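Asks: Protein chains in written order, with this note's numbering: chain A, 1 to 236; chain B, 1 to 120.
FYI, nobody ran anything at the bench for these hints, they're computed from the structure. Be aware that one or more of the hints could be misleading.
As the list claims (entries may be wrong) - Residues on chain B that point at chain A, a partial pick, calculated with CB under 7 Å:
1) Pro4
2) Gly7
3) Ile10
4) Gly11
5) Ile12
6) Leu14
7) Gly15
8) Leu16
9) Glu25
10) Ser27
11) Val34
12) Ile52
13) Val57
14) Phe62
Nothing here was measured: the structure is a model prediction, and the numbers come from that model. For every residue, glycine included, the Cβ atom is placed at its ideal position computed from N, Cα and C.
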Amino acid sequence: MSKIKVKGKHVVLSLVCLVLGFMIAFSYHLTQIENKEKNPNVSGKQWEKTLALRNQLIAEEKSNRELQKELNQKQDMVLKNEKELSKEAQIFLNLAEDAEKYRMFLGKVKVQGKGVKVTLTDGAYDPKEDNINNYLVHEHHVFKVVNELYISGAAAVAINGQRLTSHSYIICNGPVITVDGIEHPAPFTITAIGDPDVLSSSINLIGGVKDQLVNDNIVFTLEKDDKIVLNPILGS
Amino acid sequence: MWLPFIGLIIGIILGLLTEIRIPEEYSNYLSIAVLAAFDTLFGGIRAYLQNIYDEKVFVSGFFFNIMLAASLAFLGVHLGVDLYLAAVFAFGVRLFQNIAVIRRIILTKWSTNKEKVEKN
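Isolated chain A (complex conformation) (with noise of 0.2 Å):
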């Protein structure tokens, strides 16, 4: 009887004990919790943690701060560098179009433009002359218009269709003129290009071209062109 009384005590006594245990334990491990929660930087340790990775934070702003600093150097430099390139590509451009343009004066390429044509022909046969060569064009007649041609302005001049350069010749060959090699026949067609009032003004000066191939029996023919293809010189 006196023994299940004691367990009986015992068992309140254990039940108080694990009411008392649980509360402190719970109310301990609350605290904690809280603490941790209101200053997470108590300890030392973990104060100085804190310090040492503030400071390594610092240190890392810093730098950046410097690099920031190099960057925007770095980015003022290449839009220096950018800015010489566009200028060098102006110039590259420039050269570009020279070298269009000198190329169209050598006959590199087709050219197209304002012109003039002109065209000689032999005279119409006549019995009253005995010579011949009176009435034919001869290469001086060519000469002649080509000589006026340029005077006047022409940036190109072709014969029958073929380019002339600084350095071509035109013989007379018999029947045919020879120009650069290639035998032509007549009629003859000038071409050129340049201002077309210009150059026809001046072969058309009274006492001027015109006039002296006319006083030789050649029919001559001139016209202005809106547009007159010169093809590349052949070979070049």
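Use these hints to put chain B onto chain A, whose structure you have.
Replies: Chain B alone, transformed into the frame defined by chain A:
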């Protein structure tokens, strides 16, 4: 005999392992309850040493004091009066008194034991 200690250890383990989060304003009540529990516990020990221990009084006092302290703190919060201070004060004073009485009783017992040993 070891049953109360096992209960205490189980209670502590349960308390440490519990991940229940209660709001911060309720943690005050818990502290008061813990204080009340301590007070009752020491009161019980003193009564046991003075041979006036009654289990019914002890157990009922234990739980009743806890609840009373918590409800007093709760009432204080809602009335705008820091009533939990009264609880802290009362329990604190009683705790110290109880501990002092326990110390005196133990000292007396120890010295009488010593005298007995010397006499023998």
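Asks: Return the status of the interface hint for B/Gly7: holds when the least beta-carbon distance to chain A is below 7 Å, violated otherwise.
Replies: Cβ of B/Gly7 sits 3 Å from chain A, so the hint holds.
Asks: B/Val57 was flagged as interface toward chain A. Is the shortest Cβ-Cβ separation under 7 Å?
Replies: violated (12 Å)
Asks: Once the shortest beta carbon distance from B/Phe62 to chain A is found, is it less than 7 Å?
Replies: This hint holds: B/Phe62 lies near chain A, its Cβ roughly 5 Å from the closest one there, short of 7 Å.
Asks: Grab the minimum C-beta distance from B/Ile10 to chain A and call the hint holds if it beats 7 Å, violated otherwise.
Replies: holds (6 Å)
Asks: Holds or violated: B/Gly11 as interface residue toward chain A, Cβ cutoff 7 Å?
Replies: Status holds, d = 3 Å.
Asks: Does B/Val34 hold up as a contact with chain A if the rule is Cβ-Cβ below 7 Å?
Replies: The hint holds - B/Val34 has a Cβ within 7 Å of chain A, the shortest such distance being about 5 Å.
Asks: Taking 7 Å as the limit, does the beta-carbon of B/Ile52 come near enough to a beta-carbon in chain A?
Replies: violated (16 Å)
Asks: Given B/Gly15 as an interface hint, is its Cβ closer than 7 Å to any Cβ of chain A?
Replies: holds (3 Å)
Asks: For the hint on B/Ile12, just tell me whether its beta-carbon gets within less than 7 Å of chain A.
Replies: This interface hint holds because 4 Å falls under the 7 Å limit.
Asks: Tell me if B/Glu25 is really an interface residue toward chain A, meaning its C-beta lies closer than 7 Å to one of theirs.
Replies: violated (12 Å)
Asks: Close enough to count: is the Cβ of B/Pro4 nearer than 7 Å to one in chain A?
Replies: holds (4 Å)
Asks: Hey, does the B/Leu16 contact hint survive, CB to chain A under 7 Å?
Replies: holds (5 Å)
Checked against the numbered hints above, the structure violates hints 9, 12, 13; every other hint is satisfied.
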